[in-house]
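Read in order, the letters of the sequence shown correspond to residues 1 to 486 in the working numbering.
Treat each hint with caution, since some may be false.
Under the rule of at most 25 Å between Cα atoms (straight-line distance), these lysine to any residue pairs were calculated in the SDA-like manner [as the list claims (entries may be wrong)]:
#1 K240 / K85
#2 K85 / P370
#3 K214 / V203
#4 K468 / G232
#5 K468 / L272
Pair by pair, the computed Cβ-Cβ distance ranges are [to be verified]:
#6 D463 / K261: 47 to 57 Å
#7 Y399 / M154: 26 to 36 Å
#8 T342 / P431: 22 to 32 Å
Calculated from the structure, these hints are not laboratory results. Remember, predicted model here, so these are calculated numbers, not experimental data. Every residue gets a Cβ at the ideal spot worked out from N, C-alpha and C, and that includes glycine.
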Amino acid sequence: MMIRSKEELIFFVRSYYDVLFAVLVSVGFMFYFSAKAKKISGERDHIPGRLGVPFVGETFSFLSATNSTKGCYEFVRLRRLWYGKWFKTRIFGKVHVFIPTTGGAKTVFASDFAQFNKGYVKSMADAVGKKSLLCVPHESHKRIRHLLSDPFSMPSLSKFVTKFDKMLCQRLKKLEEHGKRFVVLDFNMKIAFDAMCEMLMSVTEESMLQQIEKDCTDVSNAMLSFPVMIPGTRYYRGIKARNRLMETFREMIEERRGRGKGAPEDFLQSMLDRDSLPPEEKLDDSEIMDNLLTLIIAGQTTTAAAMMWSVKFLDENPEAQDRLREEQLAILRKKPQGAALTLEDLNSMSYGLKVAKETLRMSNVLLWYPRVAITDCTIEGHSIKKGWHVNVDATCIHYDPSIYKDPVQFNPSRFDEMQKPYSFIPFGSGPRTCLGMNMAKVTMLAFLHRLTSGYSWTVDDPDTSLEKKAHIPRLRSGCPITLKAI
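Take these sequences, add in the hints, and give me the full structure.
This is the structure in structure tokens:
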């Protein structure tokens, strides 16, 4: 309705006086109690910050940062400028405190299950499932983690390295022969996904891989979204994709059980072989399916992003690239021509490991580690209330100049020295340390070996803008490069 004159304005006010008065009073009370609650809270816990109105808080500011090319960590960075290293906020109805110190990280990680439990935002928990290792309560976590550990054992990793290296060599050779520009992130997302699906479920048929990858991408995109089932939204698409994946996995399980002998020897089969064991020694079907999805997404997105960042950092630091290439060529010369990489080869890459660690420190593909306080507690003198979320801020710790000299400089040699406890936490720490930590390392080392020992490259787009709506930091360009054989 448009109001064109003074008389119409007076008529409108008179007609809707009661409504306007109620709105004004409601807004006044909202601001009054919000300010009062903020004051009381500030007196009680001494952590600065803004909680805003109940439930909403600063959710829209957080989503705005997530939807920008600066990434969701821009939300955290700005509040550190306003309030200092320690601050609190309210996101998706929950109070969040960001923990910026190694001492705070030690308190949280060392007290997992005793004082803290996992605390993902609702959209992320809904995406991976309530029986995912990321979300289950203490009483289930130890059992599930133990049963999921086989693909990450040393014998399994040794087989994985050989298969991944063969796949990597074939695909890099094909790209080099075509001489075309390609996007590093896309290349790594595809090869990491294919490798995980083969290892976990022996899926190699391209149409099936494409179907599963498309649904996994939608699930991943829903992880930092507003959790309402409105058609067309990222959350809606993600939950629908999750449902399709659960049905796909359910059909695989039924087909395996119906087949009997002759099933592939992979992670899925190792879980099904436990069917006759007591409940505490096996996973039920929903646990298998939720954790298949978790392992695929976690194994693909974080590792692919880290490999992309390694290419960018090495391109910007030619001295580090040259030193890494010298080490990788020396390893290559000791092997018969065409021989596959072994786990022993990777273990001999001392500088390569430092490059991988420095990449993980600077890229922070896991920006922070969320937990929920089970009881009232204190962290470095700051009062934390039961039910509050505490986020161990790996990014802040990894860029702390009191811990790392010149933290914005890519310097693998800084890892010549032993790091202080809880100062390097790309995989978390404590009983919830990332299960796929060693797999991520061997994947990165194999990629760096084949890239630097066989090729030089040029980055075709230096844009540093980040991809919008991603739950991990990735370049919007994906880091396009052109390979040239050495």
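Hints, verified against the model:
Under the criterion of a C-alpha separation no larger than 25 Å, the hint pairing K240 with K85 is inconsistent with the structure, at around 39 Å. Between K85 and P370, the direct Cα distance comes to roughly 17 Å. Compliance with the 25 Å bound is thereby established for this hinted pair. Distance restraint check for K214 and V203: the Cα-Cα separation of roughly 15 Å lies within the 25 Å cut-off, and the hinted pair is therefore satisfied. For a cut-off of 25 Å, the pair hint linking K468 to G232 stands: about 17 Å separates their Cα positions.
Of the pairs offered as hints, the one joining K468 and L272 is violated, with about 39 Å between alpha carbons and a cut-off of 25 Å exceeded. Evaluation of the 47 to 57 Å hint for D463 and K261 yields a pass: the beta carbon distance comes to about 54 Å. The hinted range of 26 to 36 Å is satisfied by Y399 and M154, whose Cβ atoms lie roughly 33 Å apart. Hint check: T342 to P431, Cβ distance near 31 Å, so the stated range 22 to 32 Å holds.
The structure fails to meet hints 1, 5 from the earlier list, while all remaining hints are met.
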